[in-house]
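Chains as they are written, first to last, in this note's numbering: chain F, 1 to 304; chain V, 1 to 257.
It should be emphasised that the hints constitute simulated quantities derived from the structure, not laboratory data. Just so it is clear, the structure is predicted and the values come from calculations on it, not from any experiment. A portion of the hints provided could be inaccurate.
Stated by the list, open to error - One-sided excerpt, in silico: chain F residues whose CB lies under 8 Å from chain V:
hint, residue
1, R98
2, P101
3, S104
4, T139
5, Y140
6, I142
7, G143
8, I169
9, K173
10, A177
11, A180
12, M191
13, G192
Note that the Cβ used here is the ideal one computed from N, Cα and C, for glycine as well.
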Amino acid sequence: MDIFLQNIINALQWGSFYAVVSIGYSMVYGVLMLFNFAHGDIFMVGTYIGFGIATLLLALFSAFMPGWMIFILVILITMFLASFVGVFVEMVGYRPLRGAPRASAAITGLMIGIIFETGNLIILGAQRFSFPPLIESVTYNIGGIYVTNVKVLIIVASLVMMFALHLFIKKTKWGMAMRAMSYDFQAVPLMGVSINVIAPMTFAIGAGLASVAGILYGQAYPVLDPYMGISLGWKAFVAAILGGRGSIMGAALAGYLLGFIEMFVPMIFPSTFRDLIAYSIILVILTFRPRGFFGMAHSTQLRL
Amino acid sequence: MAPLLNVRNMTHFFGGLRAVSDFNLTIEPGEIRGLIGPNGAGKTTVFNLITGVYNPTEGVVELEGENIKGVETHRIADMGLGRTFQNLALWRHMNVIDHIRMAHYSQLTYGLLGAFFGTPKCRQQEKEVLDNSYKLLELFDIDQFATHNIGNLPYGAQRRVEMARAMATRPKILFLDEPTAGMTPDELIRMIEIIRQVHRDFGVAIFMIEHRMKFVMDLCESIQTMVFGEVIAEGPPEVIQNNPEVIEAYLGKEDLH
């Protein structure tokens, strides 16, 4: 029973990473009907930006500023900077290909990812960095279950971000334009909406979210390397498909589901089988529900 | 003074196919004009060319004397051109009131920070937009559906939402692409009333593609007939109705039957 509850906490933590990153895939798909395959590497770049900002701020302010304040500053500054990475990817990578077949955009995304990985290797070298702890880790023992404040923070911060995004999508004019585009894009420009505003904004939000996920990830698993975005990126992509292409809610829920499947499979099967069984389960779900949880049937407009 | 809409010698090729050739059109403020023609004549292409979906191969397109040829659709929309679509371009899973609010996009001038902090300007604008949206819903007799999901509305009501949405952008000229397609006779009569009302209350010019002769004849002051990308006849409804070339295009040559 203890292990069961312990696993729930861990599943929520991993689910948070997947959920926040997979939202980036889903939002871009909703607006442009393409998957940004560089998103996993945008997560990596965001983590490195967060690492740089954290190191800098700790060196400058740790003497007279409380840790939580530095933590919030790191998040805000990193989000801001990382959003430009998203805008850059959209403008340089995808905008010139808007009329091109979707396969070209997919290949471009993969290439941008490789450029980020190797670019990072060239600039920072092969040494691994360690993300500095911004929050002093405290472990609570609640009836035999060990909960660290970092885990709680990861889960809470992710939920707060997703709620903020939900408000943005529901309430603001840009959010409404993003929603509208995912249902029918031909009418949206007639409302005076420029796709060259909405598309980069979508990429910026995705990158901003991914960078915060990266900072939180760095608090739990501090080792940084240039390929850290690949596996997490692909898993988040799977979550985006499972949730239903273009559905933000679906992506978030599927992200958590993925976290739970990954955590609970090793309770029954040998842990080396984890991914094999976890992704077989997802394959079965998709066989019976190819649209994912909230995907729309009219996504047959898929132009890949 | 320059006419509201001025199209001169507009020609467009899709590859080697001449889809529209030498199209001319002048619309003055407050006019209602119709465009008829058999399927595949290029009517919707004319709409797409003027609204900036395609860039015409040749010709002049001006709105209030300003060039709109090759200008992006969202800019043309902001300059005062509204449009509805033949196959309802509505946003499934969004409710009716959000459709109308969305159409006020350009009238909401607050910035990202304003939205984030909920400044008085932002709230004020949002409130005005919401009020105006409800007014439009009432005008188009769809206020009872305000919070309904668009997909659950009867077809005729969906058409009215699309028109209300177009009017929310405050157009000077409204393009209607087959506004009565798929409508029941009752809904059709309702639509004629609504278009008259929109025309009267907003003083907007209207340019419509329509298949139902009675509808066009009732509403339009002048009608163009298009066949294979070319305008073969132009004039007031009664003239068009009796034009032998138009009759031939619609019904075929007499001796063949």
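Hints versus structure:
no.	hint	verdict
1	R98	violated, 12 Å
2	P101	violated, 17 Å
3	S104	violated, 21 Å
4	T139	violated, 35 Å
5	Y140	violated, 34 Å
6	I142	violated, 36 Å
7	G143	violated, 40 Å
8	I169	violated, 11 Å
9	K173	holds, 5 Å
10	A177	holds, 6 Å
11	A180	holds, 5 Å
12	M191	holds, 5 Å
13	G192	holds, 3 Å
Going down the numbered hints, you'll see the structure goes against 1, 2, 3, 4, 5, 6, 7 and 8, while the others check out.
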